[in-house]
Amino acid sequence: VRLLVVEDEVRIAEVLRTSLGKAGFAVDSVASCGDAQAALEVGAYDAMILDLGLPDGDGLALLARLRSRGDQTPILILTARDAIEDRVSGLDAGADDYLVKPFAMTELIARTKALLRRPGGALGTTLKAGNVSFDTIGRDVMIGSVSLPLPRRESAILEHLMRRLGRVVPKLVLEEKLYGIDDELESNAIPVHIHHLRRKLVDAGAAAEIHTVRGLGYLLTETKA
Amino acid sequence: MIRTRFRSLQMRLAVRLAIPYIIAMVIGVGILVYQAYDTAGSLNDRDLNLRAIDIARYVSSDPDGKAQLNLPAKLAAAYQSSADMFAVRDARGQIIAAAPPSFGTLVATWPPATDDASYFRLKNFGSESEDYYGLSIGLENSAGPLSISVAQAAGANALVSALLREFVFDVAWVIPLLVLVTLVIGVLAIRSGLRPIRDASEMAAGIGPNTTSVRLPDDNLPSEITPLVSAVNRALDRLEQGFALQRKFTANAAHELRTPLAIITGALDVMEGNDDLAKLKSDVSRMNRLVDQLLRVARLDSVAMDVSEEVDLNEIAANTVAAMAPWALALERAIVLDHFDGQVVITGNGHAIEDALRNLIENGILHSPPRSEVTVRVSPEQSISVVDAGPGISPADRELIFERFWRGKGVASGGAGLGLSIVKEIMNAHRGIISVKGKSERRSHIHAPIPQGRWARIINAIHIGGL
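Protein chains in written order, with our numbering: chain P, 1 to 225; chain F, 1 to 467.
Possibly wrong hints are sitting among the right ones.
Using 27 Å as the maximum straight-line C-alpha spacing, the simulated BS3-like pairs for lysine-lysine come out as follows [claimed, not checked]:
hint, chain 1, residue 1, chain 2, residue 2
1, P, K22, F, K281
2, F, K281, P, K113
3, P, K113, P, K177
What the hints contain is simulated information worked out from the structure, not anything from laboratory work.
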């Protein structure tokens, strides 16, 4: 998996190369918009990590140029600007995600992986959380090396939670994803599915657990060692 | 109310116009009435004078050399009325003739009249008890020098009253009317003359933090006002520059502070090591938070907030809780969202309210014991409450917690004491209320054992009212 890091701050670029390298990515780094465009022309990248304040232009302009060309490479924006308007304009310009500096490297890696796992992404079709893996094509759930059979809706819930590992998935979103508009929906349908799913994960010895954020939704975290 | 009305330029000008107008009107009418009286008076005097001369013409000496009055019948009849009186005396003061006789008796006591007419008034005289006005004059006659006194009842002063009546009713009322019309025209002229100023004021009132580029138009304005308007425009120029400079400064400061912090944070993440490294990481994350909050404070101070968007408090609460739940979970605390279906739409700044709520939740989590929960409650009365399971805040401290850099005693939250001051500033910008309540309300689902008597809980309630 190849990543392009566009960052003009030498030390940050260095840290990014080291830690992303350790996480198993091949990383090229450039320091300007021009170099970034040149690199994109010769090489194929699975994702790009883009700093906004670059010496020869705004990262947002580069982003807009790429998107207008039809380039769909997943892009994560790094910014030291924190005015929320800036973040919003980044997402409007076609960024897939953003992080505000300073950021935790683990967060950056998790977000990058999430981008790569999107449909058509480079990380393929297997989602991982702790010792739980989920093959989105075959729809097989494995706890370690043991297969865990799940009913259709429970496996769909697990997939959504794993795609957004460590982040809250609102109950409303799960309802929308799981049920058609015309389906009769019992108000406690999702909680019941979650209850069963949680029990099965615990029984199978999964190193990931589902937490409830009352009033809002659910999130999946890897169990701390 | 009256005070403010008198502060208006229009009112002041109108009052300043009206006062001299009224004074001029009173003086004008007064002079005219006085003149009329004066003219009437002198006409009256001449009339009396003529009568005296007339009467003197009919005095003649009889063959005995004694003076006597022979009035023509018509004239004698006229003097029969009580309105007119006369008395004729000879040089020795003897009454020659008088009508009525009582007048003669009175006049007989007076000194002889001289060539210069002398005027007199009589009060309540005669059978009719009327007031009289008259003159006494000495006249030479073929019968010798005569003293003639003629008087007329004041009520019978028909000429004067007719004259006055005619004047007051036919002429004098026109003057106040004219003054009034002029005044109304003056006030209307002031109004229309002030219209450009009113328009400019309305425009100025619309200038907000996000419309700093608006300038007041100075064409069509009275030349007296133009300097004020251009001075205001220049002040706006400077303000706009100041705003731009401050925005640029905070943006630059954010970038310059965050970049080295990002390098350190990233470098530490890559390192592997012992407890010292863990401590260092926690120090750096504390530094990160401090810088983050300082920058927020700087931005709140320098950039006026746009509080005009329509936002849904329910949605803001859901987003904020979703963003913070993983962090709370990592600290073994839970966040509960207590909301209801539907929207709570207010006018405000969504990002800022999110910021305020994040700080409140952070504060609640850091002051709650492990395995407890913080409840975020959205109420339809356009308020959000954050209820934590901490020890509560003593009433004495409830004002202090919103001061910058204030930290509770013996609380090792690791914060800089900026979070709640940020919340307060955001609420001030929204003209909202922020209040702290302690509440003795026990909740069964709080697992942490809390000693008896410490059920006090903080409710940091943001009320955004009047929207």
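To see whether the hints hold, each was checked on the structure:
| no. | hint | result |
| --- | --- | --- |
| 1 | P:K22 with F:K281 | holds, 19 Å |
| 2 | F:K281 with P:K113 | holds, 24 Å |
| 3 | P:K113 with P:K177 | holds, 22 Å |
In this structure, none of the earlier numbered hints is contradicted; all agree with it.
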